[in-house]
Each structure stands twice: as structure tokens, then as C-alpha cells.
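Undergrad: My request is simple: use the sequences and hints to build the entire structure.
Read top to bottom, the protein sequences are chains D and F. Each residue of the first sequence is one higher than the one before, starting from 0 at the first, in numbering that gives the first Met the number 0. Each residue of the second sequence is one higher than the one before, starting from 0 at the first, in numbering that gives the first Met the number 0.
Check each hint, because a few of them may be wrong.
If you anchor each label on the Cβ, the simulated ranges turn out as follows [as the list claims (entries may be wrong)]:
id	chain 1	residue 1	chain 2	residue 2	range
1	F	A33	D	T150	51 to 59 Å
2	D	G261	F	L50	39 to 47 Å
3	D	I97	F	E136	34 to 42 Å
4	D	G219	F	V129	48 to 56 Å
5	F	M135	D	R351	51 to 59 Å
6	D	G66	F	E136	22 to 30 Å
7	F	Q165	D	Q354	38 to 46 Å
8	D	E164	F	S182	53 to 61 Å
9	F	P156	D	Q5	38 to 46 Å
10	F	M135	D	E88	48 to 56 Å
Just so you know, the hints here were simulated from the structure itself, not pulled from any lab data. All C-beta atoms in this analysis are idealised placements derived from N, C-alpha and C, irrespective of residue type, glycine included.
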Amino acid sequence: MTAKPQRIRIAAQCHDHSARLAEVPFHRFYTDSDLFTQVQFLVTEYYGFDAPNDSWDMYNIEAEALGQKMIYTDYAMPDIDRRQPLIREPADLDRLRIPDPHRSGRMPYIHRINRLYMERTGRPARVYFCAPFSLALNIRGYVPFVKDMKTDPAFAHRLLEFLCEQVLAPYIRAMREEIGRPDQAAFGADAWASPPNVSLDLFDEFVLPYTQRLRELVGGAVVTLGQWGESKSHDPERYMTQKLQTCPIFLSILDPDLNLLGPERVKAFARKHDVTVTAGVDAALIMDGPADAVIERIRNYIDGMGRDGRLILYLNQIPVDTPPEHVHAAVAACRTLGRLPIPDHLDTIPVRVTQRESFAEFLREKREMLDA
Amino acid sequence: MSIIEEIKEAIIDGDILGAGEKTRRAVGDATPAADILHNAALPAIREVGNLWNRGRYFLPEVVMSSEAFNEVTAQLRSRLSEGAQSETGRVLLGTVQGDLHDLGKNIVAAMLVGAGFQVTDLGVDVPDHVFIEKAMELEPDVLGIGAYMSTTMRSIPKIIRLVDEQQLRPRMRIMVGGIPVTSKFASEAGADAYGEDAFAAVRIAEAWIRGGKE
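TA: Shown next, in the form of C-alpha cells:
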């Protein structure tokens with residue numbers, strides 16, 4: 000039985016920002032599992048998130064293992080070299096080398112991260128992968144894949160089927176094997192499958208069936224999420240219903256869409272479908288601030304969606320140069336305003352943000368404590 | 000339906016092959032290239048903009064229509080006299096250094112061409128100094144700077160500072176855009192405008208050329 004939550008929880012998608020805070024070379028951060036894990040746990044502790052930062056450049060691992068050319072820089076996560084897509088023409092699909100899910104590319108880096116997370120938390124690590132649609136787009140290129148879907152749908156389906164059967168299902172099985180949990184829930188990142196990048200009809204034809212296909216192939220809970228674009232969908236309720244089919248366990252909705260639709264409308268939909276809302280707070284707001292604006296956004300979301308406790312706040316992809324005080328403000332707002340039961344007049348409750356030491360000072364204090 | 004109407008419909012429908020084939024047929028039948036441009040291609044791409052603004056079209060439809068439009072205009076280019084192209088202004092655009100994303104920029108470029116602008120596309124991963132050198136060489140009316148990652152958008156204020164060091168404004172105006180870019184960021188970076196999407200970018204550029212303020 001799950002204990003009733005005492006307060007609204009807050010977590011974050013944070014990796015480039017973590018590397019910058021810790022002043023570690025980006026290339027090393029994204030290739031050295033031990034460094035990555037150490038930094039992410041320290042950043043989690045520094046900010047006081049309720050769940051450990053456990054996200055990396057999730058869209059790249061399988062593409063890189065397939066042979067997609069990547070670009071590593073000193074200022075950001077690795078990125079796909081979009082000038083050189085792996086599949087330039089349909090015949091390239093038949094020439095691809097199928098990855099070894101335990102050994103290819105940076106897959107071993109991920110397996111080790113997952114083991115380290117398990118060791119540190121005592122809980123099974125989450126299994127993350129790149130969803131079929133986003134992976135197809137990343138190795139084919141957006142415009143070519145749009146043309147495939149529109150003029151050669153048989154090829155688009157063949158590519159997606161290949162990715163599910165030959166790449167993703169083996170990789171998900173391997174991640175589960177490595178942590179000794181054959182039924183561990185698997186989460187697929189699928190930001191490309193978002194309006195206006197796709198229409199809702201294309202979503203029905205090229206996104207939904209392949210989440211389902213993965214479920215058939217690997218069993219257990221498999222969800223794809225990270226889609227945004229409700230405000231561009233022109234039928235948000237239809238789109239949110241589609242998203243619940245890819246992720247039935249909660250409704251993930253991200254800013255700016257959440258803010259544009261309004262928390263009340265989203266909560267009404269979630270209540271109707273009996274799901275918790277994961278509310279992604281705007282990366283631009285977190286970066287630009289000011290702290291008061293961050294606090295007000297969180298107040299608005301807790302007020303509009305958190306009264307039954309079925310809300311998780313999620314700082315969505317904290318930008319690299321975000322001032323730490325904005326993140327501290329978000330966490331302080333969640334701690335102050337998110338205690339259950341939520342008071343009636345949330346707008347009258349002040350949020351005090353304590354002046355915090357820098358991350359470097361935090362590290363120094365940690366070292367001194369350990370030395371003592 | 001006239002051949003002009005057929006070409007227009009093919010562009011709106013995103014029928015790339017059809018648009019190309021019908022244009023070849025029209026050119027073969029001695030339909031003036033200027034007629035095809037002004038009565039089929041340009042009205043079609045404007046209609047695509049309307050469909051986007053009204054929420055009828057998503058990005059895949061815009062992409063297909065842009066490709067169809069490009070297919071048509073590529074065939075007309077050599078047949079159009081300079082005057083017939085009636086360019087409304089010159090735009091120089093590119094994606095900042097370290098950033099290889101080009102989807103948004105390419106659509107902006109296609110829409111600007113559709114609106115009659117002469118567009119010079121510097122591509123992706125463009126060093127800061129190249130923006131400046133090309134701006135000095137080509138003297139565009141508008142400099143468009145795209146950044147699609149929160150890490151690479153930091154180049155935008157640097158480029159704008161370099162523009163101002165060379166005193167290229169106010170003759171040239173600067174518009175910025177891209178997924179992580181906000182109107183607040185654009186304003187703080189010193190840009191003259193934030194192009195929220197390709198159609199907004201065209202609207203702003205047209206207003207500037209007309210001498211108005213967007």
C-alpha cells in the first residue's frame with residue numbers, strides 16, 4: 000500500500016546545468032558514469048529535490064549505438080550531427096549495424112549509471128530510452144521523415160518497426176537485465192512527437208502504435224512521454240487523451256502549454272481520467288526568473304492542481320546557465336505551499352527563500368564534513 | 000481548373016511531385032513564369048500561412064507545402080527577370096555556432112522567399128564573425144539569428160554586440176528566434192524583434208520593409 004503523501008513533491012530534469020554547476024568537462028560528464036552519478040546526487044542534495052536527478056541526453060544513446068555521428072562539445076550535452084543523418088535514403092536502413100545492447104556506443108555508460116543509482120538509493124533505477132518516433136526522426140532528419148510519413152508511409156512504418164524490434168526492445172531488456180529487474184518500468188522520451196511537429200492524426204498513425212508495439216515486445220510497463228504542444232494541438236483534450244495512451248500512469252504536461260491552458264482545465268481532465276498530473280515548470284521562466292515569478296507559477300499550479308495531492312512538480316530541463324537562486328526559489332515554494340492539506344487561501348502565504356551558499360561552497364562544506 | 004489553380008492547389012496540398020510536374024507543364028505551355036509566381040506560388044504559400052495561423056495546418060503540412068513551393072520556384076528562377084521577382088527586401092540568416100538545428104531556420108527562409116524576400120542562408124554552426132562579415136558585405140535589411148539550444152543561444156547577444164560595434168544598425172534590423180529564445184531574452188540581447196514562428200518572422204520583416212513598426 001502506498002502511504003498518503005504529506006506534501007507535493009518536486010523533481011527536475013537537469014543535466015547540462017549540473018555539469019556547469021560542478022564545473023566538470025561536459026564530454027567527461029556524458030561519458031563517465033561515476034562522475035555523472037556523483038555530480039547528479041550532489042546537485043540533487045544541493046537543491047533538495049525529492050528524487051535524484053537521473054536524466055542524461057536521453058535522445059542520443061540508441062542513435063549513437065546505431066552509428067549516428069554525434070558532436071561532443073565543451074559547453075553542452077552531445078548532439079546528433081543533423082548534417083549527417085544516419086539514414087539518408089531508405090536503402091540505408093538495410094545497411095544498419097544492429098547494436099549490441101550491452102556493449103555498443105554509450106550503452107555501457109548507461110548500464111553503469113543505472114547500477115550506481117541502485118547502489119546509492121537501494122531502489123531500482125528507472126529505465127530510460129528514446130521513444131521510437133523521436134529516434135526515427137533523429138537518425139532520418141525531420142524533413143525527410145515528414146516526407147516519408149506523407150509520401151512513403153510504408154517506409155516510415157518499416158523504420159519504426161525496425162527500431163522497436165532490433166534496437167529498443169533489446170536495449171530495454173538489457174537495461175532491465177543489468178539491474179536485475181526484468182519487469183522494471185521503462186520510460187521513453189518522445190519530445191519530437193509533439194504538436195506542431197506532428198498533427199494529431201500523424202500521432203495516431205506513427206506514435207501510438209509503436210509505444211504499444213514495445214509493450215508487446217518487452218512486457219511490463221512501457222510508457223513514452225515528454226511530449227508537449229497542447230497549446231498548438233488545437234484540440235488539447237484529444238491530444239491529452241492520446242498522451243494518456245502512451246503514458247497511462249500519469250498525465251505529463253509541460254510549460255508553456257500548461258500555463259497557456261491553465262491548471263484548472265488540465266486538472267479537470269486529469270480528475271476525469273483519475274490520474275496524477277506531472278507539471279513541467281517552464282525552463283525559460285526558471286532561467287529568466289525573477290525568483291518571485293517562479294514562486295508565483297508554482298503557487299498557481301499547487302493552488303489549481305495540488306489540493307488532492309495528485310501533483311508532481313517537475314522543473315523541465317533546467318537551462319545550463321540558470322541562476323541557482325531561481326531553482327532554490329522553486330523548491331522553497333513547493334516546500335512552503337505544497338504541504339497537504341493545501342490551505343484555502345494560498346495567495347496569503349509568504350514564501351521565504353533562504354540565502355544559500357554557492358554550489359562550490361556547498362561542495363567545500365561537504366568535503367570538510369567528510370574530512371572531519 | 001486552370002494550370003495556375005492546379006499549381007496553387009498542389010502547393011497548398013503539399014504535393015511536391017505534382018507541383019513540380021504541373022509547373023513543368025505550365026512552363027512548356029508558355030505560361031509566363033511571373034504569372035506562375037504571382038498568381039499561384041505566392042498566393043499558395045500565403046494561404047498555407049493562413050492555414051497555420053488558423054490551426055488547420057501543423058508543421059508537417061507546412062514543410063510539405065514549403066517543399067512544393069521550392070520545387071515550383073526553383074523551376075521559375077532562371078526564367079524570371081530581376082524585376083519580376085519583386086523582392087521586398089534582403090534577409091541574411093543563420094543558426095549560431097555550435098548549433099546544428101536548421102528546421103526552424105529553413106522554414107523561415109522558405110516563408111521569406113515566398114513573401115518575396117531575397118534570402119541569403121548562412122546555414123548552421125555559423126561563427127559569430129561570419130554573421131558580421133556577411134552583413135557588412137551584403138548589407139541586408141534584416142539579420143535573422145536562430146539558436147535552438149539553451150547553451151548556444153548565448154551567442155546571440157555576442158553577435159548583436161558585434162553588429163553594434165560595426166554600427167550596422169539602424170540600417171539593418173535584427174530578428175532572433177528558436178525554441179529556447181523568448182521575447183524577454185530577445186529584448187535583453189538587444190534584438191529588434193523576436194520571431195515566434197516563421198509566419199511571425201515574415202510579418203515582422205514585411206512591416207519593417209514597409210517602414211512600419213511590428
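Undergrad: Work down the list of hints and note, for each, if the structure agrees.
TA: Each hint tested on the structure:
no.: 1; hint: F/A33 / D/T150: 51 to 59 Å; in the structure: violated (30 Å)
no.: 2; hint: D/G261 / F/L50: 39 to 47 Å; in the structure: violated (26 Å)
no.: 3; hint: D/I97 / F/E136: 34 to 42 Å; in the structure: violated (49 Å)
no.: 4; hint: D/G219 / F/V129: 48 to 56 Å; in the structure: holds (51 Å)
no.: 5; hint: F/M135 / D/R351: 51 to 59 Å; in the structure: holds (52 Å)
no.: 6; hint: D/G66 / F/E136: 22 to 30 Å; in the structure: violated (39 Å)
no.: 7; hint: F/Q165 / D/Q354: 38 to 46 Å; in the structure: holds (42 Å)
no.: 8; hint: D/E164 / F/S182: 53 to 61 Å; in the structure: violated (45 Å)
no.: 9; hint: F/P156 / D/Q5: 38 to 46 Å; in the structure: holds (44 Å)
no.: 10; hint: F/M135 / D/E88: 48 to 56 Å; in the structure: violated (40 Å)
Checked against the numbered hints listed earlier, the structure breaks hints 1, 2, 3, 6, 8 and 10; every other hint is satisfied.
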